[in-house]
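K.L.:
This is what each chain is made of:
2 protein chains.
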Amino acid sequence: MSSRPIGVFDSGVGGLTVLKELIRRLPKERFVYFGDMARAPYGPKSKETVTRFSRQIVNFLMKQEVKAIVVACNTASAMALEALEKEFELPIIGVVKPGVKAAAETTNSGHIGLIGTEATIESGIYEDYLKEYRPDVKLTGRSCPLFVSLVEEGCIEDPVTTEIARRYMSGFKDTGMDTLIMGCTHFPMIEDTIQRAVGEGVRLVNPAFETARSTQEMLSEKDLLNKKDIPVNEEAYRFYVSDAPERFRRIASLFLPLSIGEAKQIAIEEY
Amino acid sequence: MSSRPIGVFDSGVGGLTVLKELIRRLPKERFVYFGDMARAPYGPKSKETVTRFSRQIVNFLMKQEVKAIVVACNTASAMALEALEKEFELPIIGVVKPGVKAAAETTNSGHIGLIGTEATIESGIYEDYLKEYRPDVKLTGRSCPLFVSLVEEGCIEDPVTTEIARRYMSGFKDTGMDTLIMGCTHFPMIEDTIQRAVGEGVRLVNPAFETARSTQEMLSEKDLLNKKDIPVNEEAYRFYVSDAPERFRRIASLFLPLSIGEAKQIAIEEY
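Heads up: the protein sequence lines correspond to chains A and B, in order.
Note that my numbering has the first sequence beginning at 1133, numbered continuously upward.
Note that my numbering has the second sequence beginning at 1133, numbered continuously upward.
Looking at chain A on its own, in the form it has when it is part of the complex (with noise of 0.2 angstroms):
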């Protein structure tokens, strides 16, 4: 059982950022990393929509024998985890959950900020997550959409990435919020211009790597850490799409350290 892959998947490629923190804590492991590029972005979708397209990614990984899964996308683990935990026993991590735990952590002034896709604000999810940790903190939330196209057409560093982020950052100004939780995976990549955006006293959570340390530690307590050194293949890391592979090779060398082999296109609607 523990020599079997972990499976992750996310709406397209921001998910490799979680997939990068995965492989560079677990480098024992083996991955199946699954990318819905037919039906992204998940980000202005509803709940039920998300949710229906985690079970059939879910389903798909499932055949694909692996021991967990991370859903390594913010609107996904914060629509569609609860469902997925109720449906299926396997263990499932999601990056809200880890990303709130650490943000809980490390605020001393008690307001938390949360950038992210307009679904993952509107949900909720992450007040409620926190509420569990930490009842006396605040959380304000600020949608930003334009980050994830910005991001895929490659502006990181960018006068126009540095104006869009100074007006999404705006509202946080004076507010005494000291902690700001990266809500989308695309967003790790623009780090630096956010953080300038932000002002050098707030601290920047990724949920990436809070997730990537979460899995370790869930592994570790349920016996399912691989034991033996995997050589690094194509064996190892496995990719499927569910559309436009090589769009999906192309941007996923901007977001990884490796080069991918092939990423295999399948039907996921009929899982």
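Just so you know, the hints here were simulated from the structure itself, not pulled from any lab data.
Quick reminder that beta carbons are idealized off the backbone N, C-alpha and C, glycines included.
Incorrect hints may appear among the rest.
[As the list claims (entries may be wrong)] Think about it this way: if two alpha-carbon atoms lie no more than 20 angstroms apart in a straight line, the pair counts; the simulated EDC-like pairs of lysine to aspartate or glutamate are: (1) B:K1199 with B:E1366; (2) B:K1179 with A:E1401; (3) B:K1305 with B:E1295; (4) B:K1396 with A:D1361; (5) B:K1179 with A:E1378; (6) B:K1199 with B:E1180; (7) A:K1179 with A:D1260; (8) B:K1263 with B:E1295; (9) B:K1160 with B:E1378; (10) A:K1195 with A:E1367; (11) A:K1179 with B:E1180; (12) A:K1179 with B:E1401; (13) A:K1152 with A:E1401; (14) A:K1199 with A:E1367; (15) B:K1152 with B:D1324; (16) B:K1179 with B:D1260; (17) A:K1396 with B:E1295; (18) A:K1195 with A:E1401.
[Stated by the list, open to error] Partial list, derived from the structure: chain B residues whose beta carbon lies under 10 angstroms from chain A: (19) G1144; (20) P1176; (21) M1194; (22) Y1265; (23) V1269; (24) G1273; (25) P1277; (26) I1288; (27) E1295.
Assemble the complex: chain A is given as a structure, and chain B must be docked to it using the hints.
P.N.:
Only chain B this time, still in chain A's reference frame:
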């Protein structure tokens, strides 16, 4: 037969710019609009996927007993129209051909520009159609993916949109290009910004306007124009979406000069 509605579809809200021109030109016609919000955008998706999605939508619209269909999406027109025309008997009009025809008739220099999504530009379909009308005319394409997000964020008259437009249009400077096709339904919303960026000497072609004219001509030829006045109410203009009906209604109010009633959500993958 002639009193039946006209079906119009798009990957989301963008096709409403086409519906607007259709209503303006054909005030006696009923319309059924479908926006594929659950699977939008089509721009980055493959030909095979876009064709499969479009086929499902045509099946759905035929169940609504439409007399003709307007594919109000550049990507779907570019990638799926040929397949749809072969598979279905009812008249189907796309936005590509009318736009190409108008541009070919407008240019004096013999050099046309085209802006659109990545998929539309890469499909090469505009070049293919252009060869039929004016094999002597040159076409230069440029994908402008950020324009879509900027419009949907409401950055219509905005320095950021101006800067992005300046970058996208810079390659057209001093090329002799005198006619530019706005090959994406969102772009007419920022027509003024595009015009300033590309210079006053360039004529912009709005395929939505040309498509409405072609639709009128086609219905007239086939004796399918509705003869009687219709009451302008929610029965005359019906809206369906595959997801997020409330978000659809909200953005629709930016695009359409009339307020729309309920947008009904349907499960499009079942068609």
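K.L.:
Have a go at the B:P1176 hint: is there a Cβ in chain A nearer than 10 angstroms to its own Cβ?
P.N.:
B:P1176 check passes; min Cβ-Cβ to chain A is 6 angstroms, inside 10 angstroms.
K.L.:
Under the criterion of a CB-CB separation shorter than 10 angstroms, is B:I1288 in contact with chain A as hinted?
P.N.:
violated, 14 angstroms
K.L.:
Between the alpha carbons of B:K1199 and B:E1366, is the straight-line distance 20 angstroms or under?
P.N.:
Holds, at roughly 19 angstroms.
K.L.:
Let's test the interface hint: is any C-beta of chain A closer than 10 angstroms to that of B:V1269?
P.N.:
violated, 29 angstroms
K.L.:
CA of A:K1195 to CA of A:E1367, is that 20 angstroms or under?
P.N.:
holds, 16 angstroms
K.L.:
Holds or violated: B:Y1265 as interface residue toward chain A, Cβ cutoff 10 angstroms?
P.N.:
Not OK, violated: B:Y1265 not within 10 angstroms of chain A, min 31 angstroms.
K.L.:
Sort out whether A:E1401 lies within 20 angstroms of A:K1195, counting only the CA atoms.
P.N.:
Holds, at about 14 angstroms.
K.L.:
Has the given pair, B:K1160 with B:E1378, been kept, meaning a C-alpha gap of at most 20 angstroms?
P.N.:
violated, 28 angstroms
K.L.:
Given the proposed pairing of B:K1305 with B:E1295, does the C-alpha separation stay at or below 20 angstroms?
P.N.:
holds, 15 angstroms
K.L.:
Given the hinted pair B:K1396 and A:D1361, is their alpha-carbon gap at most 20 angstroms?
P.N.:
violated, 54 angstroms
K.L.:
For a C-alpha distance cap of 20 angstroms, please report whether A:K1396 and B:E1295 respect it.
P.N.:
Violated, at roughly 38 angstroms.
K.L.:
Could you grab the alpha-carbon distance between A:K1152 and A:E1401 and see if it respects the 20 angstroms cut-off?
P.N.:
Violated, because 27 angstroms separates the two Cα atoms, which is more than 20 angstroms.
Checked against the numbered hints above, the structure violates hints 4, 6, 8, 9, 11, 13, 17, 21, 22, 23, 24 and 26; every other hint is satisfied.
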